[in-house]
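**Student:** Single-letter residue listing:
Protein chains: 2
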Amino acid sequence: MSALDRQFAFLREVEKLKSVTRATPIHDASRPENSAEHSWTLALYALVLADQAAPGVDVTRAVKMLLIHDLVEIDVGDVPIHSGNGQAHDSAAVQAAEAAAAKRIFGLLPNPLGDDLHVLWQEFEAAETPTAIFAKSLDRVQPVLLNEQSGGGSWVEYDVTWPQLETRVGAKIARGLPGVWVWVQARIRPWFSARGR
Amino acid sequence: MSALDRQFAFLREVEKLKSVTRATPIHDASRPENSAEHSWTLALYALVLADQAAPGVDVTRAVKMLLIHDLVEIDVGDVPIHSGNGQAHDSAAVQAAEAAAAKRIFGLLPNPLGDDLHVLWQEFEAAETPTAIFAKSLDRVQPVLLNEQSGGGSWVEYDVTWPQLETRVGAKIARGLPGVWVWVQARIRPWFSARGR
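Read top to bottom, the protein sequences are chains U and A. If you read the first sequence in my numbering, its first letter stands for residue 1, the second for the next number, and so on. If you read the second sequence in my numbering, its first letter stands for residue 1, the second for the next number, and so on.
Only chain U is shown next, with the shape it has when bound in the complex (with noise of 0.2 Å):
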């Protein structure tokens, strides 16, 4: 195979994506979102957030993170952050399901490139540099406000109490984007106030 086959067998690999649905619903709530243009919207989210961002964080580098992120997704699905009692997102065998995903999804590459995305990938999945930091809270922030756009979304279907939101969500989106939470606060805690939650 040459890289081109290489390159285009990835491309179409990465379609795949656009079939893996996730608990929040559209804006509309005609249908669930996908994970691909989940992604898209993050990468817009990192472009607009930029002023946002910490001292230290790349955000051309965030944006490629974001692209990426949940191509594992095609091998292992979403795992909605409040299922599972909010346990089953970061459980031990999804990681390493995600970890097979990536090697085999990256792999089909001609390397650096493969190597150079698989790196990325893994960067974003331990959340220790400012790069990653910044991309993990803007893909908490993201389906928070969408629920509050369509109407509820997956707070409803998971029966989401306000300090179950700030422990799973709240804490991460802060970690990255403080002044982003403050804003994000002040704009759904009236949803779940007037639900009691």
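Not one of these hints is a red herring.
In the DMTMM-like style, the derived pairs of lysine to aspartate or glutamate whose C-alpha atoms are separated by at most 20 Å in a straight line are:
| no. | chain 1 | residue 1 | chain 2 | residue 2 |
| --- | --- | --- | --- | --- |
| 1 | U | K103 | U | D115 |
| 2 | U | K16 | A | D28 |
| 3 | U | K16 | A | E148 |
| 4 | A | K16 | U | D28 |
| 5 | A | K16 | U | E148 |
Everything labelled a hint here was simulated from the structure, so no lab data went into it.
Please arrange chain A on chain U, whose structure you already have, making use of the hints.
**Tutor:** Only chain A this time, still in chain U's reference frame:
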């Protein structure tokens, strides 16, 4: 409104691109592709095919351009390449409506961010800089490969012939990505030959 209010007003608005459908079905032909997930795919195309870019192409700028290039469709909808006997896509009426949509949508953002993205969209539409030519070529090549992957897609719907594909699509791919067009032709020509088109 604060700057953050305006940033989030824009990010709320862009969610609507997930409801704009295109003529091209997704990989398994189960439903039409939407313009948000299409934009995500193109940003990945730019990263993965960066080695095919001509001298003077700024790949990072191309990624940003591709992320925002279809936002005007929130107001205008998608105009398929092969519709109106291949004439509708670039009509003056569509161009005027898209220009008005760009002004409205990028105008939601605070400046200089809103102006920067508006100028980036105008650069894409003009298709004169090496970066815009690269981005436009990617925007033509992905639907071709996706049609092939799904079994024919919009080529069947619009009864497209090989000479029409060469004129409407191939020439634009070859302008920015001549080596890619050679590869793609070899891949898709058999689909047309087998059908006598």
